Amino acid sequence: DDICKLRFFYTQYLQAVGRAAGFRQAIIAAAVVSFRRFFLKRSFCEYNPLIIAPAALWVASKHKDVSISATTFANQVAHFNRREKIGDQKFTEAQLVAAELDVLRVLEWELDVSQLEQAISYQLESVRLREQLGDACSENIILTAMFCANDMLKTDVVLCYIPNDIAIACICCACKVHNIQMPRQIEVLAATRRCEIDEITDTLAALYHNCRELEGRHLFHLHERLEDLRQWKQHSVNVNACQELCGAMHRSSHPLTLRRTFTV
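Take the sequence shown: its letters are residues 1 to 264, numbered as in my numbering.
Source of the hints: derived by calculation from the structure; they are not laboratory data.
Worth double-checking, as some hints may not be accurate.
Capping the alpha-carbon separation at 27 angstroms, the derived lysine-lysine pairs in BS3-like fashion look like this [to be verified]:
hint, residue 1, residue 2
1, K85, K154
2, K154, K41
3, K90, K5
4, K64, K154
5, K62, K41
Values in this document were obtained by computation on a predicted structure and should not be read as measured data.
Required output: the full structure, derived from the provided sequences and hints.
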């Protein structure tokens, strides 16, 4: 599905911009969820995702009490776009501020996002993982589960399931990767939510299986097709607006008088 591939592409873009700007993973994750929520309600043709993505990052940073000026961040985004040869390479503060208002309006100021990393840490601490498996083995499980959580952000799983279910699914995947028996408490929790856990892990497995189809050149080609469609749609809107204005002027009993103003 091309829409799913575009979501994957723009999520990668958002994550790359966030890392380039030095944001913490918690801010980037919150921005990804807000970005995906935004485009559940609006289309890629209606809003430019390469403008909404930085705006989602800026909104998330302010919600997490991280101070960065609009001018500084806009310059960082413009520099990133020039380096990667993508998007508006003259991205401005005005675009950022306008897009921020769009994000807040569409999301209706609902900015709270549960962090997957916190859910994973809570589950692992509750089963005393380090006491059961030792420091080295526990560290491998934790890191792999966190990597899985980061990859979950590239799917719609984060919009469809509660954080605890995603956390348990990430831990299950990590245990399978390292061929380690899951702690008994995690097994019990996974059994009680078997249907949801299986759907989450299947989604992640499908993402990894389809990685070859998600190579950069193919995704960038989809992005270029979307840009062409957006420009065509914008042109059509402008033409229709012009035709409506001309029709209104023609029907008016008091035609508009155009005057030139000269500066002396």
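So, going through the hints one by one against the coordinates:
1. K85 x K154: holds, 22 angstroms
2. K154 x K41: holds, 18 angstroms
3. K90 x K5: holds, 26 angstroms
4. K64 x K154: holds, 21 angstroms
5. K62 x K41: Between K62 and K41 the Cα gap is close to 23 angstroms, so the pair holds against 27 angstroms.
Violated hints for the displayed structure: none, as all numbered hints are satisfied.
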